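Residue numbers (the UniProt record's numbering), protein chains in the order written: chain Z, 1 to 275; chain A, 1 to 247.
Because the hints were derived from the structure by calculation, they are not lab data.
Computed from a predicted structure; not experimentally measured.
Some hints here could point you the wrong way.
To be verified - No more than 27 Å apart at the CA atoms, straight line, and that leaves these computed lysine-lysine pairs for DSSO-like:
#1 A:K113 with A:K126
#2 A:K21 with A:K60
#3 A:K21 with Z:K170
#4 Z:K212 with A:K126
#5 Z:K170 with Z:K54
#6 Z:K54 with A:K126
#7 A:K113 with Z:K20
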Amino acid sequence: MADQPKTAEPARARLSPRKKQRISRAVQYVVLAAALVAVVLYADWGSLAENFAKPEVASEALPELFTVALRNTIIYAVGGFVFSFVLGLLLALMRLSQVRPYRWIAILYIEIFRGLPALLIFLMITFLPLALPGFEVPGGTYGQGILGLGLVGAAYQAEVFRAGLQAVPKGQVEAARSLGMSASRAQLTVVIPQAIRMVIPPTTNQFVALLKDSSLVLFLGVSGEYVELAKFGNDLASQYANATPIMVAGVTYLIVTIPLGYLASRLEGRKGRNR
Amino acid sequence: MTHAIELQDLHKYFGKNEVLKGIDMTVEPGQVVCVIGPSGSGKSTLLRCVNLLEQPTYGKVFVQGVEVTDPDVDIDAVRRHIGMVFQQFNLFPHMTALQNVMIAQQRVLRRSKREAEVIARENLDKVGVGAKCDALPGQLSGGQQQRVAIARALAMSPGLMLFDEPTSALDPELVGDVLTVMRKLAEEGMTMLVVTHEMGFAREVADRVVFMDGGVVVEDGPPAQVIGDPQQERTRAFLHRVLHPED
Numbered sequence: 001m002a003d004q005p006k007t008a009e010p011a012r013a014r015l016s017p018r019k020k021q022r023i024s025r026a027v028q029y030v031v032l033a034a035a036l037v038a039v040v041l042y043a044d045w046g047s048l049a050e051n052f053a054k055p056e057v058a059s060e061a062l063p064e065l066f067t068v069a070l071r072n073t074i075i076y077a078v079g080g081f082v083f084s085f086v087l088g089l090l091l092a093l094m095r096l097s098q099v100r101p102y103r104w105i106a107i108l109y110i111e112i113f114r115g116l117p118a119l120l121i122f123l124m125i126t127f128l129p130l131a132l133p134g135f136e137v138p139g140g141t142y143g144q145g146i147l148g149l150g151l152v153g154a155a156y157q158a159e160v161f162r163a164g165l166q167a168v169p170k171g172q173v174e175a176a177r178s179l180g181m182s183a184s185r186a187q188l189t190v191v192i193p194q195a196i197r198m199v200i201p202p203t204t205n206q207f208v209a210l211l212k213d214s215s216l217v218l219f220l221g222v223s224g225e226y227v228e229l230a231k232f233g234n235d236l237a238s239q240y241a242n243a244t245p246i247m248v249a250g251v252t253y254l255i256v257t258i259p260l261g262y263l264a265s266r267l268e269g270r271k272g273r274n275r
Numbered sequence: 001m002t003h004a005i006e007l008q009d010l011h012k013y014f015g016k017n018e019v020l021k022g023i024d025m026t027v028e029p030g031q032v033v034c035v036i037g038p039s040g041s042g043k044s045t046l047l048r049c050v051n052l053l054e055q056p057t058y059g060k061v062f063v064q065g066v067e068v069t070d071p072d073v074d075i076d077a078v079r080r081h082i083g084m085v086f087q088q089f090n091l092f093p094h095m096t097a098l099q100n101v102m103i104a105q106q107r108v109l110r111r112s113k114r115e116a117e118v119i120a121r122e123n124l125d126k127v128g129v130g131a132k133c134d135a136l137p138g139q140l141s142g143g144q145q146q147r148v149a150i151a152r153a154l155a156m157s158p159g160l161m162l163f164d165e166p167t168s169a170l171d172p173e174l175v176g177d178v179l180t181v182m183r184k185l186a187e188e189g190m191t192m193l194v195v196t197h198e199m200g201f202a203r204e205v206a207d208r209v210v211f212m213d214g215g216v217v218v219e220d221g222p223p224a225q226v227i228g229d230p231q232q233e234r235t236r237a238f239l240h241r242v243l244h245p246e247d
């Protein structure tokens, strides 16, 4: 026995790792299937369908679901996005500036608006007219919603841009400067265009986040033609004492957000291949 | 006669590290001067001080009689007349070869688009990449990119050209194309200050070779002397290492 080679021995005695894994996986499938069966058997499908997927209530949502609610969601999101894009780029440039006070202002802004819940910003916006008598956000409810989304989005977008600007190699500025371009001209023609290209994927994700955050417009106390998806769903749900409109609004969000998510990851993949 | 480049007691510190320890040097108009030396000897820093990509800690730099280290000088205006070619090419990756050569002509020299394009094509033809006008830098070989970079500098009609190890990042078989272009420029009478490891090029093309080590100029003279018959022990040791790396 002692002379026998040790390698051949343990292979038979116990279960091989591969066999173990196969058994473990089979057990997991069985447990999953049992859970599924339990859900199917014990859930009150009738009641669930009645409350979350009632066709009559769902049909009440049309056509305003698209013509008003989705339209407004997109207006708030796109408006807020443009606002945050411009302000975010400005903040990023300030954040990387040689001028110290610019850096301080940018850091202060970014820290505050990233640190506060977006909801709080929206609540504050509703109090703006009280704080500044006679002041009104231009664009009415649209303006308020876009302002809130833009202010918050800019803080995140600024960090996205900062990463992009820092990723442009130093040699690019040196080449531009050695051709006689001023510092700002070099930024404008050489650095910023490259930075924007690089941040397209994370910026797409930013847009998705902003689109979802547009639901906070609900807290501006909007009504009628200004309602966006979340408010729209919530109002209808209260009216019919039924959650179906919220489900419908949710599905509508997904119709927009999922393709955008795929787009972002495709752009990311393309970026990896180029360059 | 005004020197093309004159350096007076040039010092450069990076933090506490003194990289240039008092350089005095001139380049005359039409001269080709090659700067050689071991890595870390300060030769790239020296070159970058000429167009102030590095700010000298003290000392003076004159380019065509203008003191560029004078804070009142418009450095952008000075740089327009100094072409620079980098080791890493530094082409703008989001622009085609043609756009790379046009952009500064349009934005800095305010040439019209048509004029800029004519001049860009001329220069791209001259360096042998005229067929690649519409290619992005990423689609070009290193040798082609470096030649586009040379065309980009030439399109500004510079009075002198700085080359910072222009062939060091190239695959060996592509080095020749770039050196040929540089040789042609030299023959046309371009004033050139070239930091290089190409001893063959330095020997054949340079009017003067400057050997730097440890932040000082150790030897300065015609190539036949500095490379062919070095007087200083440090120069001899360096050349031996470069020319006979296997020993």
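Now the hints, each set against the structure:
1. A:K113 with A:K126: Distance of about 20 Å is within 27 Å: holds.
2. A:K21 with A:K60: 13 Å, holds
3. A:K21 with Z:K170: At roughly 26 Å apart (the allowed maximum being 27 Å), K170 (chain Z) and K21 (chain A) satisfy the hint.
4. Z:K212 with A:K126: Cα-Cα ~56 Å, so violated.
5. Z:K170 with Z:K54: 60 Å, violated
6. Z:K54 with A:K126: Violated, at about 75 Å.
7. A:K113 with Z:K20: Measuring from Cα to Cα gives roughly 72 Å; hence the hint is violated.
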